[in-house]
Amino acid sequence: MEWDWNFVWEIMPTLLQGLKITLLATVLGAAVATVIGLVFAILRMTAPKPIARATGFVVEFIRGTPLLVQLYFIFYVLPDIGIRLPALLAGVIGLGLHYGTYAAEVYRAGIENVPRGQWEAAKATNLTGRQTWIHVVLPQAIPPMIPALANYLIAMFKETPLLSAITVLELMNQAKSVANSSYRYIEPMTLVGVFFLIMSLISVVFLRWLEERYARVEER
Amino acid sequence: MAAPIIRIDNIVKRYGPLTVLDGLSMEVLPGEKLALIGPSGSGKTTILRILMTLETISDGHIEVDGDQLYHMPKNGGLVPADDRHLHRMREKIGMVFQHFNLFPHKCVLDNVTLAPMLTKGVAKAAAEKRAMELLDMVGLADKAKNMPAQLSGGQKQRVAIARALALSPKIMLFDEVTSALDPELVEEVLNVMRKLASETDMTMLLVTHEMGFAHDFADRILFFDRGRIVEEGKPDEIFRNPRQERTQTFLRKIIAAGHRV
Amino acid sequence: MAAPIIRIDNIVKRYGPLTVLDGLSMEVLPGEKLALIGPSGSGKTTILRILMTLETISDGHIEVDGDQLYHMPKNGGLVPADDRHLHRMREKIGMVFQHFNLFPHKCVLDNVTLAPMLTKGVAKAAAEKRAMELLDMVGLADKAKNMPAQLSGGQKQRVAIARALALSPKIMLFDEVTSALDPELVEEVLNVMRKLASETDMTMLLVTHEMGFAHDFADRILFFDRGRIVEEGKPDEIFRNPRQERTQTFLRKIIAAGHRV
Amino acid sequence: MEHTMTDWSGYIGLILQGALVTLQLTVMGSALALVMAFVAGLGRVSRFIAVRALATTYIEFFRGTSIFVQLFWVYFVLPFAGVTLSPLQAGVLALGLNVGAYGAEVVRGAVKAIGREQREACIALNLTRGQAMRHVILPQALPLMLPTFCNNAIELLKGTAVVSLISLTDMTFQAQVVRAQTGNTLIPFATILVLYFLMALAISTAMRWLERRVTRGLDGVRT
Amino acid sequence: DDGKLEELKGQGFARVAIANEPPFTAVAADGKVSGAAPDVAREVFKRLGVGDIVASISEYGAMIPGLQAGRHDVITAGLFMKPERCAAVAYSEPILCDAEAFALKKGNPLGLKSYKDIADNPDAKIGAPGGGTEEKLALEAGVPRDRVIVVPDGQSGLKMLQDGRIDVYSLPVLSINDLVSKANDPNIEVVAPVEGAPVYCDGAAFRKGDEALRDAFDVELAKLKESGEFAKIIEPYGFSAAAAMSTTREKLCAAQ
Ligand SMILES: Nc1ncnc2c1ncn2[C@@H]1O[C@H](COP(=O)(O)OP(=O)(O)OP(=O)(O)O)[C@@H](O)[C@H]1O
Ligand SMILES: Nc1ncnc2c1ncn2[C@@H]1O[C@H](COP(=O)(O)OP(=O)(O)OP(=O)(O)O)[C@@H](O)[C@H]1O
Ligand SMILES: [Mg+2]
Ligand SMILES: [Mg+2]
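Residue numbers (the working numbering), protein chains in the order written: chain G, 1 to 220; chain A, 1 to 261; chain L, 1 to 261; chain E, 1 to 223; chain W, 1 to 256.
Here chain G stands alone, though its shape is the one from the complex:
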């Protein structure tokens, strides 16, 4: 099989269409993960014991099982109990839930990394619990989290091909569809690899920048 540049230009628009959906799913998934992660983290750290433990179990369960199977579940099993989500929405929820469990760990680590002395200084200056969170802990906890969260954003981006299992026409699915109807596989699949590599190299630069920007908070 030989590489055919004409074919490459022919399929480019279709693949770019797929890339658009991939990016959309990533952005929406990230938004869901950010919020759900915070909910998980707060439940685990502050809720009454039984709820905290139950949340812990759910988080561990989601983290321990493949996203692919979870997507099947959301898309094909949930309708049995009357929840019928459009494919993209189901995908976004799946991604969000799965990566939310990772985000929760980042939040927890970020908050635990605020030195105990800061909590104590807040107490010694008689701040209330709420004031301590808002004025002392979160402003210090969030910036160092940002690179780690961005890391998961990139990981999520690379897992979007799973959405093809639930009929979302993202990049990988478009490529497969193109390949199937033309019986040429190497070009579309290689292009997908190249797209991923380009996006990921861009994001590496972006990450370095984030890390530098936010790692300096302490020394400022």
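Calculated directly from the structure, the hints in this document are not laboratory data. Since we're looking at a predicted model, the values are computed, not measured. For each residue, glycine too, the CB sits at the ideal point set by N, CA and C. Some hints could be false.
Claimed, not checked - Keeping only pairs whose Cα atoms sit at most 25 Å apart, straight-line, the calculated DSS-like set for lysine-lysine is:
id, chain 1, residue 1, chain 2, residue 2
1, W, 46, W, 32
2, W, 46, W, 225
3, W, 46, W, 223
4, A, 143, L, 253
5, A, 195, A, 129
6, L, 124, L, 143
7, G, 123, A, 129
8, G, 123, A, 124
9, G, 123, A, 253
10, A, 253, L, 143
11, L, 253, A, 253
As the list claims (entries may be wrong) - Part of the chain W face toward chain E, derived, beta carbon under 10 Å:
id, residue
12, 29
13, 70
14, 110
15, 111
16, 181
17, 250
18, 254
With chain G's structure known, arrange chains A, L, E and W with the ligands on it following the hints.
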């Protein structure tokens, strides 16, 4: 003689199996300057942290300025204090830590104004005016807009003192406030504390390994060992004629290590 | 008079735009005990680190025991030293750090025997015998099987000294070896160093803020400021009659902070 | 659905066969990943620029392109270059190389985290770089790596689900087969969810045990 | 030359790609692979002197690349012959023939009888396997891409139909019948055959270059057809032997 401002009655502090304070009692008079000295691990920090309500106590009672610290009256009896009670009691007490614990994301001025504005509802302008006075007092008025990371250790600690003073507590607790500092920077902090001791009638409790400073600063010295007060008295008594053997050994070692008394 | 064992010739050390050592020259005689004192940031640590080849130098030459440290002869000229040359030169020098830097995953005995066994191929039994002698010398023979985490700071530092001695270097460098210790523990380390100074003819360079100890320990004191040697002389001269204004101010501050001279 | 007497015990047996394949992939993939993690991770901190560049290229390439594309290449494109691997080999290779790239960063991070002070102590004791790495740095870095390695192993376990792309009869694939044959979605998928979770649990339990072993004696050093 | 056949004889088995789609393929609870396509392949190979087949289930999309990459020796999966495919692989003579069918909601609310009907109804969404014949037929009839949903497998397609995510699910008649009978859902009905859609036949697909093996296969296949064995194998699964025997590769590959 005035009534004690702090009355510690038979308190016990345990960490798991380890008993750190074992039925400790002591009293502090209003305006008194007290130095707590003793070997490492003897419980000096613990007693300050308990007074600042950073720990809980396993047993006993503490009265601060006429009110119970860890308890509050209810239906004629005493019950464990709730958050509101603790919050009210903490108004009377301020603390300066060994590692400063400044808020690194806020400038010097904001470090000092944050608590008055949030806990006492002081207006921003008033809080900043008072903060500038205090920063001036500790010699750092020109650093008001700096971030803590831009300061030397000694400067940080002076800001921390100003921050604690901004709430005008009746009692100030100092836990080894110079021991994380380069030797050259120790003096600037001690100077601020000398000024504070001579110019205000605040009650002060000081934990230190600077025997010379303890001697000059304190009205009374408490020597701790293994969670108990082994010996107490005026500085001259303790340093020149310690009665207890434990105190003698401790002081001998400290002196041999090159500290002036 | 014997030839110098260390000859530092006009070295320059820069960190980016910052020049830390600016054309420093000095000589050390075999067996000499030298104390380096001076304010924070003056370059004391830097010079020790350079001698230990933990840094590179920006310019200048250093001769140790007759050989160039950072250069080696090649084709009649001098070229930058390669790893093998540095490896050979490091045999002559040992260093003890402020934070001990023991290997936390190895027991005390293994900490001491590791380097002799690996770098000199000493047999295990012989290395252990020598290690036990050294541990005995620093008073820790009974802790040989303990892990570093189970030791106090003073004990850790004594192990670190034994570890450095195990390689029998001609020159020992000590960088503020007591300043990370609780005051009570300082003395046990200084005692070991006193013994070392009096019993061996090793050349020793000591950076310290313990003026009293520097006075007793050193044959000669170098006072550093901003990367230069401002003043040098016998301990009594420096401490009793410092000629330079900078030295006087420094010593005054240190003394005010409660250190004995 | 009740009209056929579905032989569930038989179909669950099929899923268990798939579980065995998943297990094989996980174990062998982890082994390869571990080797690659150390090779590339130490390569990243090498003082030779060529070695560093090689390691960096490997890491960025495998972290950058998606595992799907990598599997596709290993399975469908590599044969054109004359390398034909069995599905299991292809799966192990792709997963191992992919996860190894992530592991390499863990190794590098842990080695770096064993701070300057320990390195300097090694120089002062005149150890060579190799000796320092082997006797001082790695033994301390290992406990730091383990928790992340545990996560990576679980990621790899989950990644095995995508090998159904290359017709490897892993657990997810078998569940699909059972689903097609029985017309039932819930039972096969619920079964494999539980199985995956149990395997993940086994990995983290084993890692915790290992962690306790390698950190013995270090207690109280790292705060 | 017969190198490939000798090679298969030597190793004693042929590697066959099959689909996860009854009744073309069936997997028993004990894991044994049967179904019309593998059964025929097994029998022909046996006669060729290749003792057994090793069947591996594959996605439709992965079959041809797998064949090209030498992962399988042959595909027997209901991969219908079409001119473009004939260009990509070397087909045997026809084996399994089937028309296209629709599964849709009881009463066919949108009145869909052909791919053209779907194209004309802007609300109608069709599900079909990615890269399959049905997807292509729908696209060729003018159904826009965003109304042709690529469905990973039969059960998923049926489920999506039941859940109202698609209005039509299109597969060969026998596949649809098998799916619908397994689902036993009174709300689903079948339209078969689809109007205007041709009858398609699959063949065993070999790699380009393995024509010798393909020819040998054809010889034994023809004998099998003649003896009546062929009908015995495929008719229990619902396929018509007569249909396969009434057409040829040449016709099917030329058809447009
Ligand atoms: N959070 C804790 N958990 C367990 N033990 C603790 C804790 N905090 C303190 N301790 C123990 O309590 C004892 C007293 O500690 P404390 O910090 O009060 O001593 P100290 O007199 O301040 O010593 P130093 O001079 O070293 O600061 C010590 O044995 C210490 O190990
Ligand atoms: N790695 C480095 N990068 C940049 N600057 C450095 C570095 N190490 C040291 N310096 C700077 O070099 C100067 C000299 O430092 P050095 O540690 O030698 O001082 P010192 O005399 O040992 O001080 P101290 O008494 O505080 O230990 C300081 O200004 C310091 O900030
Ligand atoms: Mg203390
Ligand atoms: Mg220094």
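Hints, one by one, checked against the model:
With a C-alpha separation of about 17 Å, the suggested pair residue 46 of chain W and residue 32 of chain W falls inside the 25 Å cut-off, and the hint holds. Among the hinted pairs, residue 46 of chain W with residue 225 of chain W is consistent with the structure: their alpha-carbon atoms are about 15 Å apart, no more than 25 Å. Taking the CA atoms of residue 46 of chain W and residue 223 of chain W, the gap is near 13 Å; set against the 25 Å cutoff, the hint holds. For a cut-off of 25 Å, the pair hint linking residue 143 of chain A to residue 253 of chain L stands: about 23 Å separates their Cα positions.
Of the supplied pair hints, the one linking residue 195 of chain A and residue 129 of chain A holds, its CA atoms being roughly 21 Å apart against a limit of 25 Å. Of the pairs offered as hints, the one joining residue 124 of chain L and residue 143 of chain L holds, with about 18 Å between alpha carbons and a cut-off of 25 Å not exceeded. Distance restraint check for residue 123 of chain G and residue 129 of chain A: the Cα-Cα separation of roughly 23 Å lies within the 25 Å cut-off, and the hinted pair is therefore satisfied. The straight-line distance between the Cα atoms of residue 123 of chain G and residue 124 of chain A is roughly 21 Å, inside the 25 Å bound, and the hint therefore holds.
Of the pairs offered as hints, the one joining residue 123 of chain G and residue 253 of chain A is violated, with about 36 Å between alpha carbons and a cut-off of 25 Å exceeded. Of the supplied pair hints, the one linking residue 253 of chain A and residue 143 of chain L holds, its CA atoms being roughly 22 Å apart against a limit of 25 Å. The hinted pair formed by residue 253 of chain L and residue 253 of chain A meets the criterion: a straight-line CA distance of about 23 Å does not exceed 25 Å. Annotation: residue 29 of chain W was flagged as interfacial toward chain E, and the flag holds, the nearest CB pair being 3 Å apart, inside 10 Å.
The restraint placing residue 70 of chain W at the interface with chain E holds, with a minimum CB-CB distance near 5 Å, inside the 10 Å limit. Hint status for residue 110 of chain W: violated, given a least beta-carbon distance of 25 Å to chain E, over 10 Å. With a least beta-carbon distance of about 27 Å to chain E, the hint placing residue 111 of chain W at the interface is violated under the 10 Å criterion. The closest approach between the C-beta of residue 181 of chain W and any C-beta of chain E is roughly 8 Å, which is under the 10 Å cut-off, so the hint is satisfied.
At about 30 Å, the closest approach between the beta carbon of residue 250 of chain W and any beta carbon in chain E exceeds 10 Å, and the interface hint on this residue is violated. The beta carbon of residue 254 of chain W is not positioned within 10 Å of any beta carbon in chain E (closest approach about 29 Å), and the interface hint is therefore violated.
Hint violations for this structure: numbers 9, 14, 15, 17, 18, all remaining hints satisfied.
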